[in-house]
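Q: Each chain, written out:
Number of protein chains: 2
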Amino acid sequence: MTNGVQQALALLGQVLVEPGDVVAVEDPGYPPARRAFEAARATVVPVPVDEHGIVVERLPQQAAAVYVTPAHQFPLGVRMSLARRTALLEWADAAGAAVVEDDYDTDFRYGARPIDPLHVLDRSGRVVYVGSFSKSMLPTLRVGYCVAPADLLDALRRARFVADWHGPTATQLALAGFIDEGRLATHVRRMRREYELRRDRISMVLDRVFRPHLRPIPTAAGLHLAVTCDGVTHDTVAGWLAECAKDGVALQAIGDFALGDVAPGIMFGFGGIPLDRIDEGLRRLRRVIGSS
Amino acid sequence: MTNGVQQALALLGQVLVEPGDVVAVEDPGYPPARRAFEAARATVVPVPVDEHGIVVERLPQQAAAVYVTPAHQFPLGVRMSLARRTALLEWADAAGAAVVEDDYDTDFRYGARPIDPLHVLDRSGRVVYVGSFSKSMLPTLRVGYCVAPADLLDALRRARFVADWHGPTATQLALAGFIDEGRLATHVRRMRREYELRRDRISMVLDRVFRPHLRPIPTAAGLHLAVTCDGVTHDTVAGWLAECAKDGVALQAIGDFALGDVAPGIMFGFGGIPLDRIDEGLRRLRRVIGSS
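So the sequences go chain by chain: A and B. One gets our numbering by counting positions in the first sequence from 1 and adding 452 to each. One gets our numbering by counting positions in the second sequence from 1 and adding 452 to each.
By construction, these hints were calculated from the structure, which means they are not laboratory data. We put the beta carbon where it would ideally sit given N, CA and C, even for glycine. Just so you know, not all the hints are guaranteed correct.
Claimed, not checked - Listed next, the stretches of chain A that the computed footprint assigns to chain B, with coverage defined by at least 3 CB atoms under 8 Å from CB atoms of chain B:
#1 458-471
#2 474-488
#3 586-600
#4 606-618
#5 621-631
What the hints assert, rightly or not - Partial pick of chain B residues on the chain A-facing surface, computed with a CB cut under 8 Å:
#6 Gln458
#7 Arg487
#8 Ala488
#9 Leu593
#10 Arg594
#11 Val614
#12 Ala615
#13 Trp617
#14 Pro620
#15 Ala622
#16 Thr623
As the list claims (entries may be wrong) - Okay, the calculated beta carbon distance ranges per label pair:
#17 B:Arg642 with A:Glu470: 49 to 55 Å
#18 B:Arg641 with A:Ile567: 55 to 61 Å
#19 A:Ala602 with B:Gly634: 45 to 51 Å
Based on the provided sequences and hints, a complete structural model is requested.
A: Here it is, written out as structure tokens:
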């Protein structure tokens, strides 16, 4: 158990990385993960993502670790294909790399049949699986977890002892009770229906009103979806979102999550917006784009 | 707010120490603090402690930091004198060192008038004060704190973001309410009376039954007291305590907290033992010593 996914990533940085080691990350990707490896003095190498997930042939030949979000890529929302997962594990064997698999929000899956996570497909003990209750329950709960190969456990326990000993016991006991009584499952089922309605509403309005400016990237899970913005620059998108922010609509530019050359786009997070306020937010975005 | 004192120490290690920097620690001292600085690749230098606290003239000339427990030295229980506090701050100015002041258990003070903590005496912005609710409330709460000079705050916030973002909000809000309603103060008052009874009982039995083998070190605060064991070796003390452990009596050897040459001794923690079981535990210790 860790204080959210972030602590798992920070501890893994300490345990997996020697200063100067290469760590590959998805680009665009999740900046706090990158920072955890940078704090361990890794050389972070961005690797492109396509509609099947991280582009394995673009990975470096040697690396201490690769950080991926296969179930629901952050921020693009794509799911890593089975073929790509297999290729990634083969690369990891050849490169001698650990694979950090962050499954941060796929308690919420909409229709699509699940693909086995990397840590299930793994035959070499290379995959560390991290996740949290931040999305299924509350971010402020600060309860995450890390399922690590046996040969990493001692080092992780030592690093955790130095970092803060352990998490708050009362929170963990309360959560364990909540799970044992079946109440987390009920909560997730109810919220999945709610989140699916939000996702469907955003997708429908994007399809109907925003084409061809914004092209939704198909997504079947989680609490956000992304669009590609064709024919405009990152600066244009940043300008739109700055205007939206003034108007009370918080959206994030894909460019903000990128180290290298990625397509301009927007990420729509819908974990915090009620269904009946979605149209209004998107109308404001439409107005901003229309007047630009 | 930190996850206990330990997280504050780990973050301070990251922020204050470059690999190879010297960090001075009390000897005997608190091993988890030492480990936090070692994890930051500090060269840890042990410095003796006498009845007035850390021996300032034995401190190294240059250091990135010194870690001290002035209010109730861990594990010896002595209190740092005002003269020694002043000398320590003068040394810190000359050495260019930060002073990490760990005030881990002096919510419980028995009679003695308080001496200003280093962070109050500090005129140069060198002192970082850390503490926690582990002793005044519960160790499993994992709520500590760190009062740092302004010029360290940005670096500490960045390190905290990487480490785990922040602590669990619900715990902090509950604790804030508990404090605001005056219930923590009531709890501390009640527990202080209880702990003082335990300390007095242990001191009395030690004085009456164990002289001249064990010589109590005067202490006026906290949840433990220590004795010096005259005329025996560390190995002898370790042997006694191993026998006691078999008999269900958990005591710690001062030698276990030492890096250098310290007097053999025993630390008696009384945070967890009810008053009416103290005599029985000490009888068992007496039996072990008598038969050795």
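Q: It remains to establish, for every hint, whether it holds in the given structure.
A: Results of checking the hints against the structure:
Coverage of the segment 458-471 of chain A by chain B holds in this model, with 4 residues showing a Cβ closer than 8 Å to a Cβ of that chain against a need of three. Taking a C-beta to C-beta cut-off of 8 Å, the segment 474-488 of chain A contributes 3 residues in contact with chain B, enough for the three needed, and the coverage statement holds. With 4 residues having a beta carbon nearer than 8 Å to a beta carbon of chain B, the segment 586-600 of chain A meets the requirement of three or more and the stated coverage holds. Closer than 8 Å: that is the beta-carbon criterion, and the segment 606-618 of chain A has 7 residues meeting it against chain B, so the requirement of 3 holds.
Counting residues of the segment 621-631 of chain A whose C-beta lies closer than 8 Å to any C-beta of chain B gives 3; at least three are required, and the coverage claim holds. Restraint check, Gln458 (chain B) versus chain A: the minimum CB separation of about 5 Å is within 8 Å; hint holds. About 5 Å separates the beta-carbon of Arg487 (chain B) from the nearest beta-carbon of chain A, less than 8 Å, and the hint is met. At about 6 Å, the closest approach between the beta carbon of Ala488 (chain B) and any beta carbon in chain A falls short of 8 Å, and the interface hint on this residue holds.
Below 8 Å, beta-carbon pairs count as interface contacts, and Leu593 (chain B) has one with chain A at about 6 Å; its hint therefore holds. About 4 Å separates the beta-carbon of Arg594 (chain B) from the nearest beta-carbon of chain A, less than 8 Å, and the hint is met. Annotation: Val614 (chain B) was flagged as interfacial toward chain A, and the flag holds, the nearest CB pair being 5 Å apart, inside 8 Å. The closest approach between the C-beta of Ala615 (chain B) and any C-beta of chain A is roughly 5 Å, which is under the 8 Å cut-off, so the hint is satisfied.
The interface hint given for Trp617 (chain B) is met, as the beta carbon of that residue sits about 5 Å from the closest beta carbon of chain A, less than 8 Å. Look at Pro620 (chain B): its Cβ gets to within about 4 Å of chain A, closer than 8 Å, so that hint holds up. Checking Ala622 (chain B) against chain A by beta carbon gives a least distance of about 7 Å; that is within 8 Å, so the hint holds. Given hint, Thr623 (chain B) at the interface with chain A, holds; its Cβ is 6 Å from that chain's nearest Cβ, closer than 8 Å.
Taking 49 to 55 Å as the suggested C-beta distance range, the pair Arg642 (chain B) and Glu470 (chain A) conforms, at roughly 51 Å. The supplied range of 55 to 61 Å is met by Arg641 (chain B) and Ile567 (chain A), whose beta-carbon atoms lie about 59 Å from each other. For the pair Ala602 (chain A) and Gly634 (chain B), the supplied restraint of 45 to 51 Å holds, since their beta-carbon distance comes to about 49 Å.
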